[in-house]
Amino acid sequence: MEVLKSAFDFSDFPKIDLCVAGAVGAFLLVFPALPHSGFTMATMIQFLMFSVYGMGWNTIGGYGGQVDLGKAQYVGIGAYTTAVMMIRWDVPFWVSMPIGMALAVGWSFMIGYPLFRLRGHYFAIATIATSLILKDVFESWSFVGAARGLKIPIKGEMPNFLFLQFRQDYYYYYIILAFFFIGLFYLNWFRHSRIGHQLRCIKDSEDVAQSLGIDAHWAKIKAYATATAFVAAVGSFHACYNFNIEPEDVMGLDLSVLIALMAMLGGAGSLFGPIIGAAILVPMKSFLGAWLGARAGLIGLDLIIYSTIIMAIAAFEPRGIWGLITRLRQARRN
Amino acid sequence: MEHLLIEITKALVSALFMGMVFGLVALGLTIIWGVMDIVNFAHGEFLMIGMYAGLLTALILKVDPLFGLPVAGVVGFLLGVACYYGLVKFLLRGPMIAQLFGTFGLMLFLRNVALMVMGADPQSAHQGVLVGKSFVIGPGIVIELTKLAAGGLSVVAFATTWWLMNRTEIGRALTATALDAQAARYMGVPTEKMNALAWGLGGVTVGMAGALLVNFWPVDPNVGLLFTMIAFTTVALGGFGSIPGAAFAGLIVGLVINIAPIWDSIHAFLGPTSFQGGQLHQFKYSFVYLAYFLIMVLRPRGLFGWKY
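For the protein sequence lines, the chains are A and B, in the order given.
With the numbering used here as the guide, the letters of the first sequence map in order to residues 165 to 498.
With the numbering used here as the guide, the letters of the second sequence map in order to residues 4 to 311.
It is worth saying that the hints were derived from the structure and are not from the lab.
Be careful, since some hints might not be right.
[To be verified] Anything over 10 Å on all C-beta distances counts as not near chain A; from chain B, calculated: (1) K65; (2) P125; (3) M168; (4) T194; (5) L254; (6) P264.
[Stated by the list, open to error] Okay, derived cross-link-like pairs now, DSBU-like style, lysine-lysine, Cα gap no bigger than 35 Å in a straight line: (7) K287(B) - K315(A); (8) K386(A) - K287(B); (9) K449(A) - K92(B); (10) K196(B) - K367(A); (11) K287(B) - K65(B); (12) K449(A) - K287(B); (13) K386(A) - K315(A).
[As the list claims (entries may be wrong)] Quick partial rundown of chain A residues pointing at chain B, CB under 10 Å, derived from the structure: (14) L233; (15) H285; (16) A290; (17) I297; (18) S304; (19) A478.
Using N, Cα and C, we set each Cβ at its ideal position, and we do this for glycine too.
Take these sequences, add in the hints, and give me the full structure.
And the structure:
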């Protein structure tokens, strides 16, 4: 009960923020009823998926300040668990998703335990290294389809809620929207919770945190496992939504970076940051890709624009858009 | 049996020359890291640009890419200094996460500019005085002249850099900046310029490494990430900020990458029926990543490091 109360307690945000958030939430709920193209729908689903990825990343990367650039390995574990179980043993999504999450969390403990002895850059690079090793393994492991990946066959009639197979995209949309709201309320609880406060303390100074009696190593491992569970759940959803997974898509470094980048662009360590980041980057990426990518000679131009934005954000406002908003507010108040 | 020995010797020789060039790739990273405590994710992209610089010089002048070495060095220097004044200077004010993402953005930027300008196809050098020439030392062991020249020139580059860092005024100023930037500033060292110089020097060494590497490694815009990871591993193993460390660790990393081919040849010798352990070469780079992981966990200071 206490937990629920804390999860729905947004009282520390200004009223205007809550109004905007409520309006956005209402828009998300009614979006499928509004006129839209298939492309817009796909972009919205991508946006919701990346928001949840970003929320997961935010627990360890934002509140904990540990830059993790290997989240894609957990997306991959979630996606592959679901796909393999569905193809080989006919296991429904709702069973394979928790199993995928459990496997991913188990793996995160195994690599998190040694990794969190490292700090800063060293940790970030080590997460990339583990992620690339796992990708290499999946690319040559024939049980999971090696480099060609896996294709999920269509099971019986649609709509199929057990296996998450639908002809219309709005079914997928509402399922991922449910994930999104669960994630949002969980994170709202998380930031008030004991572990949330511990993590922020560790972010400011790990030595001080240790001297206050916080077990920094264990707190970081727990936050890392939380982040992993989020990411693996959406990974499972990704497998069902795309029907087709390849190591390069679900485990590549690009995905890891994208996840971290969205959270960072919106503002790492704030509740709404990852959502803002995803809301900007996902549409930008898919529309720019669709407009420019198709033209000959302009290959890569979308990524050039996109990387310029990253560099500008990193150079001038490393706290992201949320940091910008906070700064403007303070300026007005003074 | 003899065949096996020849295979292994071949792999070892190849490991040796590759390792020398890897050491040179890592040298630039270790200078930047040592002086400024910043990671450069775009390091592999610097290398890629050095490779293209060497290759284009070779194609235009119709000589070996080796003769593109000075051009690649100059391009690398300009690139390094431009990156420092254009981006890194601003990143230094922010937290560590900003440095990570800033250089990551730089990496994406350089890669896609190269993609736009040069196209996605891998290119390699096919002509020149040394290409295709080789000499034989012992039965079946062939050394390609390009690899030998690349190895030799990396040794020269290492010696020069070591001399520059340890025996000259500039090197002393760089070391002072690395040890304590504030104190160095009080002593009249222009630390801002030293930082730029560190990026320039890093660019020179990695650019030259690119011109050497393109002799036996085809270049495409996506080649960078692999070498960024190899360079990180080499620097981690050698110790952050150590020049002899980079040289020595480069050789070890060259060996590690060649574990898989050596293992595969032993396996081919034992025959396919004995046990199913073949096809390890698919994991050739995983060994590098694993090596990084193990070094960081077991000995984060590296072999010769003084800073971590």
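Hints versus structure:
For K65(B), the non-interface assignment is confirmed: its Cβ lies about 28 Å from the closest Cβ of chain A, beyond the 10 Å cut-off. Chain A leaves P125(B) outside its interface by the beta-carbon criterion, the shortest separation being 16 Å against a cut-off of 10 Å. Interface exclusion of M168(B) from chain A stands, the closest Cβ pair being 22 Å apart, more than 10 Å. Separation of T194(B) from chain A is adequate, the least Cβ-Cβ distance of about 19 Å exceeding the 10 Å criterion.
The Cβ of L254(B) sits about 20 Å from the closest Cβ of chain A, beyond the 10 Å cut-off, so the non-interface label holds. The Cβ of P264(B) lies farther than 10 Å from every Cβ of chain A, with a closest approach of about 16 Å, so its non-interface assignment holds. Between K287(B) and K315(A) the CA atoms are separated by roughly 27 Å; this keeps the pair inside 35 Å, and the hint holds. For the hint linking K386(A) to K287(B), the alpha-carbon distance of about 33 Å falls within 35 Å, and the restraint holds.
For the given pair, K449(A) sits about 28 Å from K92(B) by alpha-carbon distance, which is consistent with the 35 Å threshold. A C-alpha spacing of about 32 Å is found between K196(B) and K367(A), which places the hinted pair at or below 35 Å, so the restraint holds. As the CA atoms of K287(B) and K65(B) are separated by approximately 34 Å, the hinted pair is consistent with the 35 Å bound. Taking the CA atoms of K449(A) and K287(B), the gap is about 33 Å. The hint holds against a cut of 35 Å.
For a cut-off of 35 Å, the pair hint linking K386(A) to K315(A) stands: about 33 Å separates their Cα positions. Here the hint on L233(A) is kept, as its CB sits about 8 Å from the closest CB of chain B, short of 10 Å. The criterion of a C-beta within 10 Å of any C-beta in chain B is met by H285(A), whose closest approach is roughly 5 Å, and the hint holds. Taking 10 Å as the C-beta cut-off, the interface hint given for A290(A) holds, the closest approach to chain B being about 5 Å.
A cut of 10 Å between beta carbons decides the hint on I297(A): the least distance to chain B is about 5 Å, and the hint holds. Restraint check, S304(A) versus chain B: the minimum CB separation of about 4 Å is within 10 Å; hint holds. For the restraint placing A478(A) at the interface with chain B, the shortest Cβ-Cβ distance is roughly 4 Å, inside the 10 Å limit, so the hint holds.
Checked against the numbered hints listed earlier, the structure breaks none of them; every hint is satisfied.
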